[in-house]
Amino acid sequence: MAKLNIIIAPDPVLKTKARKVEKVDDRIRKLMDDMLETMYAAPGVGLAAPQVGVLERVIVLDVAGKDEEPRPMRLVNPEIVWASEDLAVAQEGCLSIPEQWADVTRPAAVKVRYLDENGTQREVEADGLLAVCLQHEIDHLDGVLFVDHLSPLKRNMIMRKLAKWKKSQAA
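Mapping of the sequence shown onto the numbering used here: position 78 corresponds to residue 110, and the numbering continues sequentially without gaps.
Since the hints were derived computationally from the structure, they do not count as laboratory data.
Think of the CB as a built atom: it goes at the ideal place given N, C-alpha and C, for glycine as much as any other residue.
Do not rely on the hints blindly, as some may be mistaken.
Simulated pairs of lysine to aspartate or glutamate, EDC-like, Cα-Cα distance not exceeding 16 Å [claimed, not checked]: (1) K52 / E131; (2) K35 / D65; (3) K198 / E131; (4) K143 / E111; (5) K52 / E111; (6) K52 / E88; (7) K49 / E149; (8) K196 / E117; (9) K186 / E131; (10) K62 / E88; (11) K55 / D99; (12) K55 / E131; (13) K143 / D118; (14) K62 / D148; (15) K49 / E111; (16) K49 / D180; (17) K35 / D66; (18) K143 / E155; (19) K198 / D65; (20) K49 / D174; (21) K47 / D174; (22) K35 / D57; (23) K47 / E88; (24) K52 / E157; (25) K52 / D135; (26) K143 / E117; (27) K62 / D180; (28) K143 / D171; (29) K143 / E131; (30) K55 / E117; (31) K49 / E100; (32) K199 / D43; (33) K47 / D171.
Here are the simulated distance ranges between beta carbons [what the hints assert, rightly or not]: (34) E69 / P184: 32 to 38 Å; (35) K196 / R59: 22 to 28 Å; (36) L161 / D58: 37 to 43 Å; (37) P104 / M191: 15 to 21 Å; (38) Q153 / E101: 23 to 29 Å.
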């Protein structure tokens with residue numbers, strides 16, 4: 033396994049729609065393993081392939097708590113096939129927008145269809161943190177960042193803070 037570099041906004045790669053994966057093979061499995069290693073090291077609860085410069089529809093996540101056994105999920109070509117009408121607000125952050133957080137409104141529950149690491153089609157129903165994480169990471173596959181769900185004023189404030197953070201990291 034290898035730790036990958038996480039792309040930081042406003043890189044145009046993060047705004048690009050990812051391609052469908054045609055075949056789940058060893059290359060995709062290695063990518064998912066490397067993405068999990070990168071996500072855990074960051075630390076984060078989800079990571080999409082575009083965030084590491086790979087424009088393919090692959091996400092990994094693990095919403096296990098600090099005192100729980102890890103429960104990594106590997107999803108290829110995930111798609112939301114149902115979303116609840118009920119909405120929920122959750123504070124979101126992103127490894128590609130470090131140290132910035134905001135309240136985002138999304139459907140409270142979703143059903144997602146995907147291929148697992150063996151290429152088997154599966155579905156998962158989710159609410160709470162898992163639903164938020166699935167929607168956030170699937171957004172990445174479509175070139176959407178959590179700040180795109182905010183008002184222009186809030187989005188601009190976060191992106192200005194991010195630019196300052198990037199300058200401080202470079203110094």
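Status of the hints after comparison with the structure:
| no. | hint | result |
| --- | --- | --- |
| 1 | K52 / E131 | violated (30 Å) |
| 2 | K35 / D65 | holds (9 Å) |
| 3 | K198 / E131 | holds (11 Å) |
| 4 | K143 / E111 | holds (8 Å) |
| 5 | K52 / E111 | holds (11 Å) |
| 6 | K52 / E88 | holds (6 Å) |
| 7 | K49 / E149 | violated (21 Å) |
| 8 | K196 / E117 | violated (38 Å) |
| 9 | K186 / E131 | holds (15 Å) |
| 10 | K62 / E88 | holds (13 Å) |
| 11 | K55 / D99 | violated (35 Å) |
| 12 | K55 / E131 | violated (35 Å) |
| 13 | K143 / D118 | holds (14 Å) |
| 14 | K62 / D148 | holds (13 Å) |
| 15 | K49 / E111 | holds (13 Å) |
| 16 | K49 / D180 | holds (14 Å) |
| 17 | K35 / D66 | holds (6 Å) |
| 18 | K143 / E155 | holds (7 Å) |
| 19 | K198 / D65 | violated (28 Å) |
| 20 | K49 / D174 | holds (4 Å) |
| 21 | K47 / D174 | holds (7 Å) |
| 22 | K35 / D57 | violated (20 Å) |
| 23 | K47 / E88 | holds (13 Å) |
| 24 | K52 / E157 | violated (22 Å) |
| 25 | K52 / D135 | violated (30 Å) |
| 26 | K143 / E117 | holds (13 Å) |
| 27 | K62 / D180 | violated (30 Å) |
| 28 | K143 / D171 | holds (15 Å) |
| 29 | K143 / E131 | violated (29 Å) |
| 30 | K55 / E117 | violated (33 Å) |
| 31 | K49 / E100 | violated (34 Å) |
| 32 | K199 / D43 | holds (15 Å) |
| 33 | K47 / D171 | holds (10 Å) |
| 34 | E69 / P184: 32 to 38 Å | holds (36 Å) |
| 35 | K196 / R59: 22 to 28 Å | violated (38 Å) |
| 36 | L161 / D58: 37 to 43 Å | violated (31 Å) |
| 37 | P104 / M191: 15 to 21 Å | violated (31 Å) |
| 38 | Q153 / E101: 23 to 29 Å | holds (26 Å) |
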